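Enquirer: Spelled out, the chains give:
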Amino acid sequence: MIIQKEITLSSKPRGFHLITNEILDNISEIKNMEVGLMNILIKHTSASLTINEDADPLVRKDFENYFNKFIPEGEDYYTHTGEGDDDMPAHLKTSVLGCSLNIPIKKGQLNLGTWQGIYLCEHRNRGGNRNIVITIIN
Amino acid sequence: MIIQKEITLSSKPRGFHLITNEILDNISEIKNMEVGLMNILIKHTSASLTINEDADPLVRKDFENYFNKFIPEGEDYYTHTGEGDDDMPAHLKTSVLGCSLNIPIKKGQLNLGTWQGIYLCEHRNRGGNRNIVITIIN
Amino acid sequence: MIIQKEITLSSKPRGFHLITNEILDNISEIKNMEVGLMNILIKHTSASLTINEDADPLVRKDFENYFNKFIPEGEDYYTHTGEGDDDMPAHLKTSVLGCSLNIPIKKGQLNLGTWQGIYLCEHRNRGGNRNIVITIIN
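Residue numbers (my numbering), protein chains in the order written: chain P, 4 to 141; chain A, 4 to 141; chain H, 4 to 141.
Keep in mind the hints are simulated off the structure, nothing from the lab.
If you're wondering where the values come from, they're calculated on a predicted model, not measured in any experiment.
Hints may be right or wrong, so weigh each one.
Because identical chains cannot be distinguished in the list, a pair is counted as satisfied if it fits within a single copy or across any two copies.
Quick list of in silico lysine-lysine cross-link-like pairs, BS3-like style, CA-CA up to 27 Å [claimed, not checked]: (1) 72 <-> 15; (2) 15 <-> 64; (3) 110 <-> 64; (4) 46 <-> 8; (5) 8 <-> 64; (6) 109 <-> 8; (7) 46 <-> 34; (8) 46 <-> 64; (9) 34 <-> 110.
Could you put together the complete structure from these sequences and hints?
Expert: Here is the structure:
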């Protein structure tokens, strides 16, 4: 059986945001599943999804600082510049981090490690709402 | 139901190439699917797959420039050098970008965002043909 | 049909390790499968999984050297520093490389390319045992 739904995440400031609970609020269908697999895909090319440490907010701050340093803005090797200095770096960050995640389901819950949470990585200064497709196989 | 097939993409020059239509040409099976999930995996370690902006070709040019700068050739910390200067950076780029994608299917189409396309990322100077496994669950 | 199991990989030194055989030893269930898809997810935020060249061990050595250079330790832009200099870079490396893989199954085997193997990427100095969830759809 496959379930698919689309949700819209409200606009978030540039940076890395923990969205595990926002995702869980939208997948009550998994409650009775013994095992399964969930795919979530963000339908954009300037915001991404990743899984990382969900305890200390400083981790997410350091993610923003690191990626700004290693995928910098305003470099002269960028030619796709018409949408602003934050645009081309946002495309690159999105492909480095990825636009989809696959997470196992077990006994009605996401089967993640103790410290793993889902991040929405907003790479634009004003990204606006972000649409996500959730596909669940069980 | 699971369908699996293998296709060969013709040799492409080093760089980032939009292959959405080449993939679509090979998955007519999804036309009648209400919902599903497609995995595509490239069976190589020096070319990769990613999803990014499919409108402006300059984005793909900037991808090539960026990755050449941040995963440079000819550095003295490389020890796997027997297959040419472009080889070890190609392995690294492949793992940073990834060798597989998972894309939701809805109402007979890939359920991607308006600006999302599938890129073949050819990291070798002469990569030759590239083989891809397509697995569709519905 | 979906099968899910969890395995523990024994502690490995910091670096990139080929674990294809350790995974295969734990998925004898695929022997009779015509086609399928396997997801493996590492339940940690400072170790990751990737697919790359499985022949020359120097490739894995170069991975360690490259990632140490481009995701360096001890930089003054890190604020999450309480768990040691290797901790925040380990989180970043994990998100760049990813915590899960999807691999097609065909005729009782993983349908990978000739040179593709599964790497456990241990980013901590003393990472300890690592837990992995394997989910197989067929």
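Enquirer: For each hint, tell me whether it holds in the structure or not.
Expert: Each hint, compared with the structure:
{"no.": "1", "hint": "72 <-> 15", "result": "within (21 Å within a copy, 30 Å between copies)"}
{"no.": "2", "hint": "15 <-> 64", "result": "within (14 Å within a copy, 29 Å between copies)"}
{"no.": "3", "hint": "110 <-> 64", "result": "neither (33 Å within a copy, 39 Å between copies)"}
{"no.": "4", "hint": "46 <-> 8", "result": "both (13 Å within a copy, 26 Å between copies)"}
{"no.": "5", "hint": "8 <-> 64", "result": "neither (30 Å within a copy, 34 Å between copies)"}
{"no.": "6", "hint": "109 <-> 8", "result": "both (20 Å within a copy, 10 Å between copies)"}
{"no.": "7", "hint": "46 <-> 34", "result": "both (26 Å within a copy, 21 Å between copies)"}
{"no.": "8", "hint": "46 <-> 64", "result": "both (24 Å within a copy, 22 Å between copies)"}
{"no.": "9", "hint": "34 <-> 110", "result": "both (7 Å within a copy, 26 Å between copies)"}
Comparing the model with each earlier hint shows violations of hints 3 and 5; every other hint is respected.
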